[in-house]
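Asker: Using the sequences provided together with the hints, build the complete structure.
There are 2 protein chains.
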Amino acid sequence: MYSDFTLADDRPAYIQVKDYMKRLMTTGALQADQKLPSTRELGSLLHVSRNTVLNAYSDLEDEGYIYAVKGQGHFVIPSINTNETEAQPANVQLDWTSRLNDYARLAEANDLMKHGIRAGKGAISFTSIAPDEKLFDLQNVKRAFLDRMSLEGEVLLNYGYAKGYKPLIDYLLHYMENKGVDVSGKDLLVTSGFTEGLSLVLAALNKGHGRILCENPTHHTAIKNFKMHGYAITGVPMEQDGISLADLAGELAARPYDLAYLVPSYHNPTGIVMSPQKRLETLRLLSEYETPVIEDGFNEELRYSGSHIAPLVACAGGGNNSVIYLGSFSKILFPGLRVGWVLADKTLIDYLESVKRARSIHTSTLDQSLLYQYLYNGNFEKYLKRAKAEYKRKYELAKSCCEEWLPQHRLTGDGGLHVFVQFEQGLRTRELLEACSAQGVVFTPGDIFYTDGGGQHTMRLGFSRVSDENIRKGIRIIGETARRMV
Amino acid sequence: MYSDFTLADDRPAYIQVKDYMKRLMTTGALQADQKLPSTRELGSLLHVSRNTVLNAYSDLEDEGYIYAVKGQGHFVIPSINTNETEAQPANVQLDWTSRLNDYARLAEANDLMKHGIRAGKGAISFTSIAPDEKLFDLQNVKRAFLDRMSLEGEVLLNYGYAKGYKPLIDYLLHYMENKGVDVSGKDLLVTSGFTEGLSLVLAALNKGHGRILCENPTHHTAIKNFKMHGYAITGVPMEQDGISLADLAGELAARPYDLAYLVPSYHNPTGIVMSPQKRLETLRLLSEYETPVIEDGFNEELRYSGSHIAPLVACAGGGNNSVIYLGSFSKILFPGLRVGWVLADKTLIDYLESVKRARSIHTSTLDQSLLYQYLYNGNFEKYLKRAKAEYKRKYELAKSCCEEWLPQHRLTGDGGLHVFVQFEQGLRTRELLEACSAQGVVFTPGDIFYTDGGGQHTMRLGFSRVSDENIRKGIRIIGETARRMV
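Chains as they are written, first to last, in the working numbering: chain A, 4 to 489; chain B, 4 to 489.
One or more hints might be untrue.
Using 25 Å as the maximum straight-line C-alpha spacing, the simulated BS3-like pairs for lysine-lysine come out as follows [to be verified]:
id	chain 1	residue 1	chain 2	residue 2
1	A	K349	B	K117
2	A	K395	A	K137
3	A	K169	B	K145
4	B	K137	B	K397
5	B	K73	A	K137
6	B	K73	A	K169
7	A	K210	B	K210
8	B	K137	A	K145
9	B	K349	A	K117
10	A	K169	A	K349
11	A	K169	B	K397
12	A	K402	A	K391
13	B	K73	A	K388
14	A	K395	A	K476
15	B	K124	A	K169
16	A	K137	B	K169
It is worth saying that the hints were derived from the structure and are not from the lab.
Answerer: Given below as structure tokens:
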């Protein structure tokens with residue numbers, strides 16, 4: 004005893020002594036009513052000052068771990084050590100697996116972090132589409148934090164509101180208006196990222212027909228959540244400028260759908276941007292069948308060239324309340340700050356707000372207020388300009404490497420942080436991945452994005468966090484390996 | 004046009020000009036292919052420098068809102084304005100109310116922020132049990148943030164892990180060990196507060212018998228979530244030292260339960276701390292029926308006096324995996340930082356992690372890392388000591404005021420941030436509230452905490468955010484009003 008104590012030099016010593024002593028008592032190394040060493044003695048045993056021990060003992064007494072007897076020293080309070088009591092409850096080992104429901108099982112079975120591609124140490128990994136953290140401007144983030152803390156620190160640290168931090172809500176409403184959205188009759192709920200927004204909407208809506216319609220392929224997290232909520236998923240094929248209208252019309256005519264889910268900008272995984280004309284036509288069709296649409300505003304800030312294209316929720320106009328827009332800055336700004344938003348019909352938002360409150364009270368006020376200040380200061384504009392220039396450069400590099408090296412059938416991606424490659428049908432990218440992985444290169448096989456088991460000849464290459472050199476090297480290796488397999 | 008532009012002095016001017024021009028374009032005030040004013044002209048119209056307009060126009064061109072024609076100036080890109088296109092989708096007004104499910108409806112119907120007690124401006128409000136933000140030590144919070152940002156800022160702002168921020172997980176595991184928990188076979192998931200933890204557990208577990216057991220009265224948010232998940236709720240009466248064992252035994256023998264939910268420390272709303280002996284006895288009973296228990300670690304850090312009492316999860320010992328412990332510092336530290344944790348059987352945590360990832364990816368890394376650094380620095384210990392002293396003082400004041408003024412039948416609350424008052428059965432606290440509210444004093448009527456419509460003669464008084472003067476004045480008014488009603 005006492006010989007295994009080590010002192011970290013960046014933490015108050017008395018707290019470390021206190022923690023250490025608590026551990027001895029709760030584990031039973033020091034037993035009920037046992038006398039503790041004197042402060043002088045313990046100081047010498049642990050190589051700390053007597054004063055440190057005095058402080059530790061004083062805290063332990065305050066917290067009800069030890070008691071003092073005048074002239075005799077300190078003793079362990081009996082109720083601390085639960086191991087010795089006679090009424091110890093039975094040893095019960097519940098089989099938790101059998102107590103889980105399908106919702107939890109499907110979450111686990113479709114969890115890419117658990118069952119996805121693992122890159123070995125030092126591997127060139129094209130699996131991520133997170134932003135490159137080297138582009139983050141930490142100085143401005145710190146400034147935004149300190150600015151906000153000085154203005155209203157106490158308030159930020161106490162409870163906020165489920166709907167969100169008011170200045171951020173107002174900022175985002177204005178931001179959406181600048182994208183052409185008529186916000187009358189609509190409202191905005193701040194969420195902990197896009198994913199929470201999607202989860203809230205799916206949790207709140209009636210599963211009338213049990214069917215949902217989306218692009219095929221589409222965002223894996225969305226597929227996972229549809230499955231968890233028990234929806235049958237119909238994927239509509241993609242064309243070069245977005246979802247196939249003929250197929251969409253056919254599906255809508257064939258059977259009723261509760262919801263559609265669309266990613267019109269930098270569609271994940273194909274990177275396709277839906278044309279303005281197609282956006283209107285898609286909305287017209289969905290509106291005809293009174294099918295609401297969840298619009299995933301994924302990466303629409305990352306347009307590198309060409310005209311601004313209004314999101315579906317703007318195209319719908321003020322007279323149409325059928326679009327639920329899910330926004331987020333995560334893919335371009337700071338994913339670690341879990342902030343996204345839902346812009347939709349007022350009535351719907353009112354209920355989503357209550358569901359959010361019941362589930363998690365509210366989104367971190369610190370994240371919200373820091374993001375707000377950062378946006379307000381104009382830092383986002385400057386950062387976006389720099390990030391876009393850098394990602395555009397990488398996008399073009401990746402694209403030209405694909406064209407040079409890959410025996411590809413078709414490459415899509417108008418920008419964003421990834422490109423999507425289709426090989427000839429015979430080439431199975433799962434096998435390609437296995438072969439490349441052995442050479443230290445990994446990517447995301449496209450099949451995980453398909454709603455119907457298709458896409459076995461496709462892959463997604465995320466380039467945002469890969470160096471220029473590794474983009475060249477990695478794609479060359481994938482290309483050489485693929486050629487050998489064709 | 005241009006006369007309604009106002010310039011805020013704490014934001015870059017060019018961004019404000021850009022925003023303003025976007026608005027004119029997206030609303031159709033400036034139409035497709037319309038010529039914009041020259042930079043000189045607009046500068047003069049908006050009272051900004053020509054350089055500001057140059058910057059704004061340059062950004063607008065980059066973002067695809069306007070195009071330049073050499074020698075002629077700038078023009079609006081046609082696709083911006085969605086109001087004029089011929090293919091405008093139909094005006095569809097979906098009836099969202101009819102599309103919501105019971106989960107959302109129950110969240111709304113039981114949303115206290117919407118249907119609860121509203122305090123008028125200047126009212127003395129005993130409804131809150133949030134910490135007093137005046138006690139927060141902002142300097143140390145700022146320091147913790149800056150420390151952490153300097154160490155690993157870029158990493159903190161990019162994606163983290165669903166399970167939580169590793170240093171915080173390790174810290175909390177150690178923290179729980181110091182409470183006497185045997186963590187072998189267990190694991191820990193960081194959540195966005197206690198509430199997310201509860202929501203995740205309820206969402207993941209099979210609703211075998213559809214029945215849940217809890218103390219009566221109990222935490223309102225828990226009742227809300229049980230209802231949302233479709234559970235029939237059985238409330239077991241409280242005694243002075245916690246749940247009635249005889250009633251608990253009776254209920255367990257009468258019918259099978261999927262889950263129990265208990266708040267052993269500073270039970271909300273009664274403030275009762277369950278005795279060590281009763282903790283063991285309760286666990287023994289529940290284990291006998293293989294009924295898992297959700298332990299709400301609510302405010303157990305706020306013990307003002309007496310011995311440390313081990314939480315249920317510690318009492319259960321290493322051989323019993325039936326306790327799911329939900330922890331949080333929110334009620335004492337910073338609720339604005341949405342951080343809590345679930346400590347439970349490894350298998351269960353593994354599934355909860357996937358559900359959490361599917362729902363919101365992860366808890367704010369900034370919140371987690373800031374909290375970790377604050378705890379590690381030893382600031383929590385110092386803060387807790389100061390906060391406890393202050394809350395203890397207020398608790399004693401509130402208690403003595405109740406004893407002096409209220410025609411009460413019974414007062415419970417061994418500490419914490421509130422006391423719970425039971426009047427004689429005839430006195431209805433809803434009516435009392437109405438009468439007090441007219442005099443500028445509000446509190447929480449106890450009926451909202453009851454699982455069976457009972458408690459109409461009870462009320463909860465939260466004192467943490469009420470000044471000494473107002474505690475005296477408020478309780479006096481409640482007492483005088485109650486005496487008139489008896």
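Asker: Could you run down the list of hints and mark each one as holding or not?
Answerer: Against the structure, the hints:
no.	hint	result
1	A:K349 / B:K117	holds (15 Å)
2	A:K395 / A:K137	holds (16 Å)
3	A:K169 / B:K145	holds (22 Å)
4	B:K137 / B:K397	holds (14 Å)
5	B:K73 / A:K137	violated (38 Å)
6	B:K73 / A:K169	violated (43 Å)
7	A:K210 / B:K210	holds (19 Å)
8	B:K137 / A:K145	holds (23 Å)
9	B:K349 / A:K117	holds (15 Å)
10	A:K169 / A:K349	holds (16 Å)
11	A:K169 / B:K397	violated (32 Å)
12	A:K402 / A:K391	holds (16 Å)
13	B:K73 / A:K388	holds (24 Å)
14	A:K395 / A:K476	holds (19 Å)
15	B:K124 / A:K169	holds (19 Å)
16	A:K137 / B:K169	holds (21 Å)
In summary, the numbered hints that this structure violates are 5, 6, 11.
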